[in-house]
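Starting from the known structure of chain Z, arrange chain E on it as the hints suggest.
The chain contents come next:
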Amino acid sequence: MVNQNLKFIGTLCSGLLVLFLASHAHAAFVKLPNPVPLSDDSLKLLRNASPSGGQSWKLVVFGFTHCSDICPRSLETLSRLVKVAREKQIGLDGIFVSIDPHRDTDSVLERYTGPFGKNTSYLRLEEQALDRFKDQFGVEAVFYTKNRGNDFFYQVDHSTTAFFVDPTGNIRLVFDALEDFNSAETMIRENQAFFQ
Amino acid sequence: MIVARTAIMAISLLFAAPPCLAMNNYDDPRVILSYMDKSLPGAQDILRVTTVISGDQLIFQVKTREQLQVPEEGDYMLLQIWQERAHQILVPLGDGRADTLISYASSAQTNRTTHTLESGELGGSLGPSDFSIRRVPRGVEFLVPLTWLEYGQKLGFDAYTIRGHTVESSFVIDKIYDRAAKADREERLISPIMLLNNLCATRR
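Protein sequences appear in the order of chains Z and E. Per the numbering used here, the first sequence runs over residues 1 to 196. Per the numbering used here, the second sequence runs over residues 1 to 204.
Chain Z on its own, in the form it takes in the complex (with noise of 0.2 Å):
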């Protein structure tokens, strides 16, 4: 009996410590100490969803309109650092990259975007541009439940990782958008060197 118990106590705690693992690892902020260039294409892109154009720094997040929770305080991480780039004079746009072009058309991505301020934009594009797009910055998109029979009350399951584009194109620094606001924050604040 003892044995029996020790046995079921060991399988739920291996359960449990799989979860764990998988779902609840650590946040990282990373400085990448080899920048990843984006193709041409992509850098033109997002100079184009730039609101103050080509010379800015960008700070890129995925997501769509439809989540609930998890986009806008995204968004909202991505309009409060633009906010504080400005404020220590660093050019600095946010850009909210949809991954779900279908339901967000321009009108409801200006909607939605709109209430974040004038320096944070949105950048729609459509199946191979977009899955082209996603892959420069590795970023996967789920779809649940999207069918013909359902193709507007599906759920999408994406990464909430933000990213630092410097003005020419290279990717320099990921970090998770609802966990490492202070960490960004801080690094406008004290980092200015970098953003030279």
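It is possible that part of the hints are untrue.
To be verified - With a straight-line cut-off of 27 Å between C-alpha atoms, the simulated DSS-like cross-links for lysine-lysine are:
(1) Z:31 x Z:134
(2) Z:31 x E:154
(3) Z:118 x Z:146
(4) E:175 x Z:134
(5) Z:83 x Z:146
(6) Z:44 x E:154
(7) Z:83 x Z:118
(8) Z:146 x Z:88
(9) E:38 x E:175
What the hints assert, rightly or not - A partial selection of chain E residues facing chain Z, derived with a Cβ cut-off under 8 Å:
(10) 35
(11) 147
(12) 149
(13) 153
(14) 189
(15) 193
(16) 194
(17) 196
(18) 198
Because the hints were derived from the structure by calculation, they are not lab data. Even glycine gets a Cβ: it sits at the ideal position worked out from N, Cα and C.
Showing chain E alone in chain Z's frame:
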């Protein structure tokens, strides 16, 4: 009694799982899970390989079922990383052994990018020297500098417990005790930025 246990298990798992967890753990590029094999001594039985970022280093943590009590000469923990070519990092299995790390790299770029190691295989010539290791309870952490990652290449990794020996500047695998590898070989390779993306974000 069984009903009560099942209920406890279900409730515990529900509390542990975050609301957004939807992808299969086996698809998670950060983790390789390996089935427990009780026919093996615990120290040779790999349970999982996990990846984390700490500072400027990518860490591959390989955990076994038990701590090795009596180290055997010739037994190693091996981490194989694919990036353009195969890189094998070996460390003697078990605490109390010297933390000597040997790294090998296949001498030429190979198209067999999804290859799993087999017994009798040569590890290639000596590889990069900027890897390091750290012993942890029931396992080893392999530390790889982030500067080593090449973003234009695909990346993959497997872990093994093996018996082997050096032959001049190469290494021969005599026996593979256990391996932790993704079941679908093609899916083992991902872009380094995708791995970083997964390591940086806690939610999906």
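Cross-check of the supplied hints:
| no. | hint | verdict |
| --- | --- | --- |
| 1 | Z:31 x Z:134 | 20 Å, holds |
| 2 | Z:31 x E:154 | 20 Å, holds |
| 3 | Z:118 x Z:146 | 33 Å, violated |
| 4 | E:175 x Z:134 | 42 Å, violated |
| 5 | Z:83 x Z:146 | 36 Å, violated |
| 6 | Z:44 x E:154 | 25 Å, holds |
| 7 | Z:83 x Z:118 | 10 Å, holds |
| 8 | Z:146 x Z:88 | 44 Å, violated |
| 9 | E:38 x E:175 | 18 Å, holds |
| 10 | 35 | 11 Å, violated |
| 11 | 147 | 5 Å, holds |
| 12 | 149 | 7 Å, holds |
| 13 | 153 | 12 Å, violated |
| 14 | 189 | 13 Å, violated |
| 15 | 193 | 4 Å, holds |
| 16 | 194 | 3 Å, holds |
| 17 | 196 | 5 Å, holds |
| 18 | 198 | 7 Å, holds |
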